[in-house]
Amino acid sequence: MSTPIPPVLEERAFAALYRAQVDFVWRVARAMGVPDAWIDDVVHDVFFVVRRRLETLEPGRAVRPWLAGITRNIAMHAHRKIARDRRRLEHVEPPMAPALPEQQLELGEAAALMEAFLAGLPEDKRIVFLLCEVEGVSVIDAARSLEVNANTMYARLRSARIEFDRYVQRLGATEPRSADGPR
Numbered sequence: 011m012s013t014p015i016p017p018v019l020e021e022r023a024f025a026a027l028y029r030a031q032v033d034f035v036w037r038v039a040r041a042m043g044v045p046d047a048w049i050d051d052v053v054h055d056v057f058f059v060v061r062r063r064l065e066t067l068e069p070g071r072a073v074r075p076w077l078a079g080i081t082r083n084i085a086m087h088a089h090r091k092i093a094r095d096r097r098r099l100e101h102v103e104p105p106m107a108p109a110l111p112e113q114q115l116e117l118g119e120a121a122a123l124m125e126a127f128l129a130g131l132p133e134d135k136r137i138v139f140l141l142c143e144v145e146g147v148s149v150i151d152a153a154r155s156l157e158v159n160a161n162t163m164y165a166r167l168r169s170a171r172i173e174f175d176r177y178v179q180r181l182g183a184t185e186p187r188s189a190d191g192p193r
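Taking our numbering, the leading residue of the sequence shown gets 11, the next gets one more, and so forth.
By construction, these hints were calculated from the structure, which means they are not laboratory data.
Here the structure is a predicted model, which is why all the values come from computation and not from measurement.
Don't take each hint at face value.
Unchecked claim - Derived CB-CB ranges, DEER-like:
1. R63 <-> R97: 27 to 35 Å
2. G182 <-> D95: 47 to 55 Å
3. L67 <-> R96: 29 to 37 Å
4. F58 <-> P111: 42 to 50 Å
5. A47 <-> E21: 28 to 36 Å
6. P111 <-> R74: 49 to 57 Å
7. N161 <-> F58: 47 to 55 Å
8. G182 <-> D134: 27 to 35 Å
9. I150 <-> A129: 24 to 32 Å
10. D151 <-> A23: 47 to 55 Å
No residue lacks a Cβ here, since even glycine has one placed at the ideal position from N, Cα and C.
Kindly generate the complete structure, drawing on both the sequences and the hints.
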């Protein structure tokens, strides 16, 4: 068992080790086939482990083989994570094609109109409308999270829906929906 190194000396030793060996660790990670996008993360993780285990390095032991072993383990972990991420992505549908400029403009205008409507609502109605209508949270769950009686939440939501229908009518849009209709 070695004598504990004083913290100041340990910090200096780590900083000196990092400066002297970061390029070596980078080359080993590269040689282990770590993709370019992951190299910096792997090198960071290696030195994170080195910092934690610096006291365990026996005096007189060669540093580079020790670093290479740590780098190898971290690189293997990175390869497993990359493979796991690829397998997960195989099960995800590809993203939709970007909207056409006209569609983006319409979406932007709709978002601006919704923001204007929400800004005009009192806060108690705004939060229930946002949670239930925009985010799809059930009224019961919203009531629990806000610590408000469920009947009060239903009343606020109904009132906000009526105000929304009036807002849409003022804009000259289609006929109003029923305030109690399904969502």
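Verification of the supplied hints:
| no. | hint | result |
| --- | --- | --- |
| 1 | R63 <-> R97: 27 to 35 Å | holds (31 Å) |
| 2 | G182 <-> D95: 47 to 55 Å | holds (48 Å) |
| 3 | L67 <-> R96: 29 to 37 Å | holds (35 Å) |
| 4 | F58 <-> P111: 42 to 50 Å | holds (46 Å) |
| 5 | A47 <-> E21: 28 to 36 Å | holds (30 Å) |
| 6 | P111 <-> R74: 49 to 57 Å | holds (56 Å) |
| 7 | N161 <-> F58: 47 to 55 Å | holds (53 Å) |
| 8 | G182 <-> D134: 27 to 35 Å | holds (28 Å) |
| 9 | I150 <-> A129: 24 to 32 Å | holds (27 Å) |
| 10 | D151 <-> A23: 47 to 55 Å | holds (54 Å) |
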